[in-house]
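Number of protein chains: 2
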Amino acid sequence: MSTPDELRELVESYLADLALTPELDGLDESMRNALAGGGKRVRPVLCLATAEAAGAEAEAALPAAAALELVHNFSLVHDDLPALDNDELRRGRPSTWAGFGEAVAILAGDALLAEALRLALSYPTPAVARELVQATLGMIGGQYLDVTGAQTDLASLHRLKTGCLFSASVACALWTADVPEREQPPWRAFADEVGLLFQIVDDILDEDGYLLEHGADGARALADEAAERAQVRLGEVPGDTSVLAGIVSGLAARTS
Amino acid sequence: MSTPDELRELVESYLADLALTPELDGLDESMRNALAGGGKRVRPVLCLATAEAAGAEAEAALPAAAALELVHNFSLVHDDLPALDNDELRRGRPSTWAGFGEAVAILAGDALLAEALRLALSYPTPAVARELVQATLGMIGGQYLDVTGAQTDLASLHRLKTGCLFSASVACALWTADVPEREQPPWRAFADEVGLLFQIVDDILDEDGYLLEHGADGARALADEAAERAQVRLGEVPGDTSVLAGIVSGLAARTS
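Residue numbers (the numbering used here), protein chains in the order written: chain A, 2 to 257; chain B, 2 to 257.
These are calculated hints, taken from the structure and not from any lab test. Just so you know, even glycine gets a beta-carbon here, dropped at the ideal spot from N, CA and C. There's no promise every hint is true.
So, partial list: chain A residues that the calculated Cβ filter (under 10 Å) puts toward chain B [said to hold, decoys possible]:
1) Ala20
2) Asp26
3) Gly27
4) Glu103
5) Val105
6) Gly139
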């Protein structure tokens with residue numbers, strides 16, 4: 002079993018060496034810039050840790066893990082655009098459109114999504130790519146609700162915008178580890194709680210969403226409950242889930 | 002064997018009834034609007050005709066055919082955006098951004114691409130989706146060259162912007178018809194010529210590209226040569242290729 006830091010190193014190294022489709026030509030600069038933004042790699046690390054807990058080699062799950070990170074960055078690149086969230090900064094650096102122009106940012110987002118699918122399609126089974134596509138469609142639906150200001154409850158919005166890709170992070174790992182579909186439900190229930198936990202803590206740190214709706218203490222209690230349920234779910238799956246349990250504790254306690 | 006008009010009817014009916022992912026919510030309106038624009042459905046018809054020529058039922062290739070049309074429309078929706086081609090009109094109607102706003106158009110394009118992959122992933126083999134993703138990456142690369150005004154020859158640019166998806170239209174059909182990879186090269190060579198033919202005629206009709214580079218007579222001669230080579234290639238593949246031969250003649254003679 003690898004530690005989360007070791008898994009993160011694997012992801013960083015894989016992303017740094019990732020060969021992009023040659024036909025993308027100079028567009029790769031903006032894509033690599035978006036990918037190198039110093040994110041925490043939560044989703045790919047969760048994917049690799051799940052793969053190891055399910056008895057597979059982390060290396061076998063690396064294309065899926067990288068695909069998850071590319072989809073995450075596709076959504077950030079497009080969400081930052083002036084017509085959407087109009088964010089000039091992303092993790093303290095110019096966002097893709099601010100650094101490379103809107104046209105390049107639109108195309109770079111498109112290409113990150115397509116490259117993600119290419120990676121997910123490197124497996125013999127189409128199941129990995131199916132998980133990724135379903136998650137992507139949910140994320141786009143969530144962003145649409147956000148942009149249009151549609152009336153919707155916070156839990157549904159967060160499930161789409163964040164939960165879908167967390168669920169896919171676990172589900173993709175299960176397919177790469179050949180976990181049969183009938184054995185997947187407890188893993189998937191675990192993933193749902195992790196996604197919720199991540200989002201509540203995000204809102205606490207950003208003073209947004211759950212914090213505004215439930216207050217600081219209320220949101221903290223919801224986060225702790227989600228973390229607790231995630232740990233309970235982990236107890237229901239076979240295999241050594243100690244690293245995953247540590248990831249849950251880390252997500253509950255994170256301060257950035 | 003179905004006529005091209007019968008195949009086009011199949012495509013129209015399938016697209017009209019297509020169930021989009023429920024999580025996309027109200028975004029579906031802009032997507033359906035983009036899809037209902039009255040295009041000629043050249044790519045999906047080529048896909049279905051290839052499937053029938055290769056001995057399969059057209060119906061079996063419909064998800065792939067629709068996926069090709071969705072990818073084509075994804076590229077149109079994003080290419081029309083103000084930051085790219087800044088086209089307010091598409092086929093005589095407001096383009097997606099002009100009708101629904103930029104934010105919705107960006108998300109609608111993203112969702113068309115993701116839905117296309119979902120359709121392509123409905124097959125047991127990942128090969129259909131792989132073809133589609135490779136073509137999409139080529140198209141994005143072509144659009145990048147176009148937007149940045151990079152020095153590149155017309156043939157390379159057209160191969161990326163148009164040729165890739167024509168090749169995928171034939172290749173996806175081959176996979177749905179279970180044509181083994183070793184028997185695919187002449188079909189793919191046929192597809193390359195059809196894509197080139199389509200683009201040259203497009204340039205003649207738009208007084209652009211090949212017409213500017215080779216003059217009216219020169220471009221016409223190039224189109225006729227591409228059509229002739231496409232017919233020769235068709236003679237090399239097994240099966241009843243009469244409908245495909247008619248499609249080639251129609252593309253060579255088209256006036257809109």
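Verification of the supplied hints:
1. Ala20: violated (12 Å)
2. Asp26: holds (5 Å)
3. Gly27: Since the shortest Cβ distance to chain B is 7 Å, the answer is holds.
4. Glu103: holds (4 Å)
5. Val105: For Val105/A, the interface hint holds, since the closest Cβ of chain B sits about 7 Å away, which is under 10 Å.
6. Gly139: It holds, given that the least Cβ distance between Gly139/A and chain B is near 5 Å, below 10 Å.
Violated hint: 1 only; the structure is consistent with all others.
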